[in-house]
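Use these hints to put chain B onto chain A, whose structure you have.
As given, the protein sequences belong to chains A and B, one line each in that order.
First residue of the first sequence? That's 5 in our numbering, and the numbers climb one at a time after it.
First residue of the second sequence? That's 46 in our numbering, and the numbers climb one at a time after it.
Simulated from the structure, these hints should not be mistaken for lab results.
Glycine included, every Cβ here is placed at the ideal spot set by N, Cα and C.
Heads up, none of these hints are tricks.
Computed far set for chain B versus chain A, every beta-carbon distance over 10 Å:
#: 1; residue: Leu297
#: 2; residue: Gly556
#: 3; residue: Ser613
#: 4; residue: Gly623
Covered, in the sense of this in silico footprint (three residues per stretch, anywhere, with C-beta under 8 Å from a C-beta of chain B), are these stretches of chain A:
#: 5; region: 11-18
#: 6; region: 21-32
#: 7; region: 36-43
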Amino acid sequence: MNIILMLAPMSVGLGLIALLAFWWTLRSGMYEDPQGDAARILIEDAEDKPAV
Amino acid sequence: MALTYDLRTGGPDLSAFLRRDKAGAASLELLVKGARCAGCLGKIEREVGALPGVTSARMNLTSGKLTVAFEGRAADPGRVIATLDKLGYPATPYDPGQAAEAHDKESRRLILALAVAGFGAMNAMMFSVPIWAGLFGQELGPAARAFMMWWSGVVGAPCAVYAGMPFFQSAWRSLRAGRANMDVPISIGVILTLVISFSETVLRGRDAYFDAAVSLLFLLLIGRWLDHRLRARAKSAAADLLALQAPGAVVLGADGVEHRKPLSEVVVGDRLVVRPGERIPVDGLVESGVSTLDNALLTGETTPVEARAGQVCRAGALNLSGVLRLQALARSEDSAVAAIARLVEAGAQSKSLYVRLADKAAAVYVPVVHAAAALTFAGGWALGLGPREALIRAVAVLIITCPCALGLAVPAVQITASARLFRRGVLVKSGAALERLSEVEHVVFDKTGVLTEGRPRLVDPAPAAVALAAPLARASAHPLAKALAAEAGEGPTADEVTEHAGLGVEGVIEGRRARLGSAAWVGLPSAGAETELWFGFEGDTRIRFRFSDRLREDAARTIQVLKARGLSVEVLSGDVEGAVRAAAEVCGIETWTARVSPADKAARVDALKAEGRKVLMVGDGLNDAAALARAHAAMAPGTALEASQNAADLVFSGDELGAVVDAVDVARQAKARALENFGFSALYNLVAAPAAMLGFVNPLVAALAMSGSSLVVTLNALRMARAGGSR
Chain A
5 MNIILMLAPM SVGLGLIALL AFWWTLRSGM YEDPQGDAAR ILIEDAEDKP
55 AV
Chain B
46 MALTYDLRTG GPDLSAFLRR DKAGAASLEL LVKGARCAGC LGKIEREVGA
96 LPGVTSARMN LTSGKLTVAF EGRAADPGRV IATLDKLGYP ATPYDPGQAA
146 EAHDKESRRL ILALAVAGFG AMNAMMFSVP IWAGLFGQEL GPAARAFMMW
196 WSGVVGAPCA VYAGMPFFQS AWRSLRAGRA NMDVPISIGV ILTLVISFSE
246 TVLRGRDAYF DAAVSLLFLL LIGRWLDHRL RARAKSAAAD LLALQAPGAV
296 VLGADGVEHR KPLSEVVVGD RLVVRPGERI PVDGLVESGV STLDNALLTG
346 ETTPVEARAG QVCRAGALNL SGVLRLQALA RSEDSAVAAI ARLVEAGAQS
396 KSLYVRLADK AAAVYVPVVH AAAALTFAGG WALGLGPREA LIRAVAVLII
446 TCPCALGLAV PAVQITASAR LFRRGVLVKS GAALERLSEV EHVVFDKTGV
496 LTEGRPRLVD PAPAAVALAA PLARASAHPL AKALAAEAGE GPTADEVTEH
546 AGLGVEGVIE GRRARLGSAA WVGLPSAGAE TELWFGFEGD TRIRFRFSDR
596 LREDAARTIQ VLKARGLSVE VLSGDVEGAV RAAAEVCGIE TWTARVSPAD
646 KAARVDALKA EGRKVLMVGD GLNDAAALAR AHAAMAPGTA LEASQNAADL
696 VFSGDELGAV VDAVDVARQA KARALENFGF SALYNLVAAP AAMLGFVNPL
746 VAALAMSGSS LVVTLNALRM ARAGGSR
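Pulled out of the complex, with its shape left as it was, chain A reads as follows (with noise of 0.2 Å):
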């Protein structure tokens, strides 16, 4: 039981991480251009950071 004590609140909290990486995606702009965002990678001289 002892150890559901602590894995519960752990394993809610991995939830959270995933719930603030997908905020930080969003307010990073990551979802404005998907298609450049493809293409980009075969360009050599670009820059890999997504609009802002």
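Showing chain B alone in chain A's frame:
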């Protein structure tokens, strides 16, 4: 008619399109056509980025927009466009406006709410599963049980409150307006569920429905987000079409320099320059220049009229031949367009009264479900269940009947339907438009630009004659010459070409001097109203080319198919009787009226409406805009003027009129699917509600029933995507 303007012929100043940030640095947004691949992207960013004064150039391949940032105040947008043009990508200044940004914010908020609901549903479920396992006899001590319920609540409830906000706000707005939309029962259901679940947790009761509340919101948010995406995509596609069409007006400054300005910045008294192929931006008085004007989009007349100094020309007319200098007589909002815009507004208001399918369903659903829940509580208590148990059963009724299936049923169908139409080149502006389109029984067509192609085509071309005149035609920007050049295809261009406004072009073909233009230009008496071009070598015979606005290739077939679908068809045109009769006869349309004024078109649509007939109006001109706005549903081609596109529910691009049939077919199918989904939801509720009343529902059953019913309606909606058109 798509508007093209050639920047190589003395590019006007575009600085009015620049946006300045707080520090004064300028940036420019451009809509770039034709960029598709990594190569294009690299080339555009490299070339534009290397221009002097440019600090960065960022291309968005998905939206086709290029954002260019300039260093300090010195900015030369004309040079950027010229560079893009040289690379082979025509570009237009793009003014996104504030509405688009607000829309984007709303979209982000919905996605974030969806993510939070997803997180909440999964994690609350994690603590619910052990409790459900207890239902099948597995051991779970009371302490562990309470622990699970508490965690489920601590994780689920805040997520439900956050993810439910869009619904709570919408429900509150609707209640304050004195109506109840679908969000009212959703909000009441969610809030009651949370409250009861908490009290059960505190009292160490049997059931807590935290996971059900969050997953309910998760499913509903999917529907909400799909609906939002549909509108956002249609809006941005429509904005792109219009940006290509209306690049602003060219204003001649006091210093003699040409500036390109957004239409809204043109003031009375401004001196404007209108080149051949451009539209008259605002009502104006011709100061100098001779030209012919095409009023087709204004009045429906196909025969061009002459314009010379001292004459007034109206906004929206297409300048065909010479460069005109105008003095602006009105601002854009006050131009001839404005009177029509007011008619459009009145029509749009009548359209907003339309009650959407989902709201109709909600009007039945809300009282029935709430009555059932109240009955469960009152009845249960009266029959000796005790208030607590009776309340739990009433909440179970609310949860299990909560409209996830209803909330998904319509948006899922409409998004798949409009995706299918989008692939066929038809843009659906809103879900309500599809619903209205499915109900139409009478179709009114405009002639010019709808039944016909709306641009001149060579009549009976003689290949030898076309080949002779082609080198000169290729050198001219005149629409008739362009049509001639298009007929001839690729080839050499004449030398020493000079263009004479209102007359024609002169040049040297293989050492011989030749002229292409009006009858007077080649030394013949000017004959008549017919749209024609004359060509002749110096001292040689003259060749005449006749042009006319041809019917769209599939016009007759489309009318036939529409009739086969049980729709009646009629033509309302502002053009002369002969032209309208000829077009109607070829298409097989018995009812037609010629020389109809814009107000009469709208009146005719109103009269049909008064007879109780649901009208689909298909039109492109300014003279159709009022009728478009009043009709039950409206379609416009992508070449239509801004006012008409704004008034229409659907915009189709491409040369095929068959898009109208496709749109009607898909709209009808979509309605059938939506009704099927409603039927399924009703059936589901008929089984689920009594079960909940009798106390057979526990959190596990609720979770399975809700997600199961949502899955069924979504899969039914997706059948739309695969079903092929009947054409």
